[in-house]
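Take a look at the letters that make up each chain.
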Amino acid sequence: MERAEIHELSAAYALDALDGGELEAFEEHLSRCPQCRENVASFQAAAAELAYDVETPAPSPVLRNRILTQAASERPTVAAPPRPRRRWAFPVAAAAAVVGGVAALALAFWAADLSQQVDDLEAQQHGAEEIAIMLADPNAERIPIEGANGALIVDAETQEGHLLLFGLERAPEAHTYEAWVIEDGEALAAGLFSGGEDRGTVVRLSEPVPAGAVVAVTVEAEGGVDQSDQQPIITSGPAA
Amino acid sequence: MARGLAHLSDEALVALVARADEEALAELYDRFGRIAYGLALRIVRDPALAEDAVQEGFMAVWRSSARFVAERAKASTWILTLIHRRSVDLVRREQPRRAEPLDAAPHESGDDVEEEAWLRLRRTRVQEALKRLPDKQREALELAYYGGFTQSELADRLGEPLGTIKSRMFTGLASLRELLAEEDLEEERWSEPRSTS
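These protein sequence lines map, in sequence, to chains A and B. Following our numbering, the numbering of the first sequence begins with 626 at its first residue and continues without gaps. Following our numbering, the numbering of the second sequence begins with 8 at its first residue and continues without gaps.
Hints in this document: simulated from the structure, not taken from any laboratory. All values derive from a computational prediction rather than experimental measurement. Just to be clear, a hint being listed does not mean it is correct.
[What the hints assert, rightly or not] The list that follows gives simulated cross-link-like pairs (lysine to aspartate or glutamate, EDC-like), each with its CA atoms no further than 16 Å apart:
| # | chain 1 | residue 1 | chain 2 | residue 2 |
| --- | --- | --- | --- | --- |
| 1 | B | K138 | A | D678 |
| 2 | B | K81 | A | E766 |
| 3 | B | K138 | B | E185 |
| 4 | B | K143 | B | D163 |
| 5 | B | K138 | B | E149 |
| 6 | B | K143 | B | E167 |
[Stated by the list, open to error] Label-pair distances were calculated between CB atoms; the ranges are:
| # | chain 1 | residue 1 | chain 2 | residue 2 | range |
| --- | --- | --- | --- | --- | --- |
| 7 | A | R657 | B | E78 | 17 to 23 Å |
| 8 | B | A19 | A | A697 | 16 to 22 Å |
| 9 | B | E101 | A | G810 | 49 to 55 Å |
| 10 | B | A19 | A | Q695 | 20 to 26 Å |
| 11 | A | P769 | B | Q134 | 44 to 50 Å |
| 12 | B | G166 | A | Q660 | 29 to 35 Å |
| 13 | A | E771 | B | S16 | 48 to 54 Å |
| 14 | B | R26 | A | R795 | 31 to 37 Å |
| 15 | B | D119 | A | H800 | 50 to 56 Å |
| 16 | B | R164 | A | T783 | 49 to 55 Å |
| 17 | B | Q134 | A | H632 | 37 to 43 Å |
| 18 | B | A188 | A | Q852 | 51 to 57 Å |
| 19 | A | G646 | B | E121 | 45 to 51 Å |
The beta-carbon is built from N, C-alpha and C at its ideal position, and this holds for glycine as well.
Required output: the full structure, derived from the provided sequences and hints.
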């Protein structure tokens, strides 16, 4: 679906009027079409104005409390304070192999502090509306990946990275996907996720993705690991 | 509020929410809760379901605020986009939709006269722009945005080819974008920009 008409879908997308295969195809297209991302952003702004052409009866006064109570019981995972960085040695040759897109790669790490495994449980996964926000960012750098449909998206300013994966099956029973940021021969655990979302999986990487770094995904036992001897199932090209 | 947040911009509040500031979330709710509820109610057409949509929308604000980048979108657009998405998801799941307007929902005016006037101004602005769209484009936008219809459902409902609906939505929304921008230019000649607070 790479015809010129796909650009037209930016309007239906901003109106939340796409569904099924077309939604997925367009989000995939968005991830590599800066022009459509700009269009979606300005279309969303215009669509949001339509929200003002409605009757505005006051909601029940208890709604405010319901929201604030739920918010208080749930800290936003994205606002987690910076954690100590964990680093493992990583064979430089192997890192080069990832850069070359060669999948046959053993990630060899040594053990790190077990207590820090708890941090990995902050699986940073996001829903459909975050895909929209991320794809609407005209400055996002899109880096191709191998092993799955999707892309690595890196904010050039903040080095914040997100993996956007389509059609990724749920991790096998009692297993999890684990993301890694690999830079200069070192691999950093960058978050756990389970996959299997209908509308695509977004993984916010808990480590920054500097220029030249690559991102890999392995399958690990539930809870994740600090060192992996698994071959990555997904590898990205180097970040720009 | 114990701490005065009223002077902060919407965008500054979102930045505080990203640092898990609950008072900032409360202030955002006070600014957008009512319009969010009005939008959700128009789409899902049931007060309890509308409150669920608003709650889920604000929880999405709470959870993903660190991802909001102020240079790239207005906070109001971002919040209303999240509310719209939740409402549409709910209505597609929960109930068959009708596109007719709600039967004369009693308009309970709030205590806040200024908010009331501000909402009326915004409403007039978008109504003026909508009036200037060709009927068929306006219909497509309204059915999609307020009715929660997908483009394929719209094509079925209107008995038109899907390709026609796609172009109509694109042309319609692009025109609305231009019309709103023109109105903003005219407005700037008359008054200082006003914040949403």
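Verification of the supplied hints:
Proposed proximity of K138/B and D678/A is supported: the alpha carbons are some 12 Å apart, at most 16 Å. A C-alpha spacing of about 21 Å is found between K81/B and E766/A, which places the hinted pair above 16 Å, so the restraint is violated. Of the pairs offered as hints, the one joining K138/B and E185/B holds, with about 13 Å between alpha carbons and a cut-off of 16 Å not exceeded. About 15 Å separates the Cα atoms of K143/B and D163/B, which keeps this hinted pair within 16 Å; it holds.
Taking the CA atoms of K138/B and E149/B, the gap is about 12 Å. The hint holds against a cut of 16 Å. Taken as a hint, the K143/B and E167/B pair is honoured in the structure, with Cα atoms around 11 Å apart against an allowance of 16 Å. Checked against the hint of 17 to 23 Å, the pair R657/A and E78/B passes, with Cβ atoms roughly 22 Å apart. One distance hint, 16 to 22 Å for the beta-carbon pair A19/B and A697/A, holds here, with the actual separation near 21 Å.
At about 52 Å, the beta-carbon gap between E101/B and G810/A stays in the expected band of 49 to 55 Å. In this structure the supplied range 20 to 26 Å holds for A19/B paired with Q695/A, their Cβ-Cβ distance being about 23 Å. Taking the beta carbon of each, P769/A and Q134/B are about 45 Å apart, inside 44 to 50 Å as hinted. Between G166/B and Q660/A, the C-beta spacing of about 32 Å keeps the proposed range 29 to 35 Å intact.
Checked against the hint of 48 to 54 Å, the C-beta distance between E771/A and S16/B comes to roughly 43 Å, which is inconsistent with it. Taken as a hint, the range 31 to 37 Å holds for the pair R26/B and R795/A, whose Cβ atoms sit roughly 33 Å apart. Remark: the range hint 50 to 56 Å for D119/B to H800/A is upheld by a beta-carbon distance near 53 Å. In this structure the hint that R164/B and T783/A lie 49 to 55 Å apart at CB is violated, the actual value being about 44 Å.
For Q134/B and H632/A, the hinted distance range of 37 to 43 Å is not satisfied, since their beta carbons lie about 29 Å from each other. In this structure the supplied range 51 to 57 Å holds for A188/B paired with Q852/A, their Cβ-Cβ distance being about 55 Å. A C-beta distance of roughly 47 Å is found between G646/A and E121/B, which places it inside the suggested range of 45 to 51 Å.
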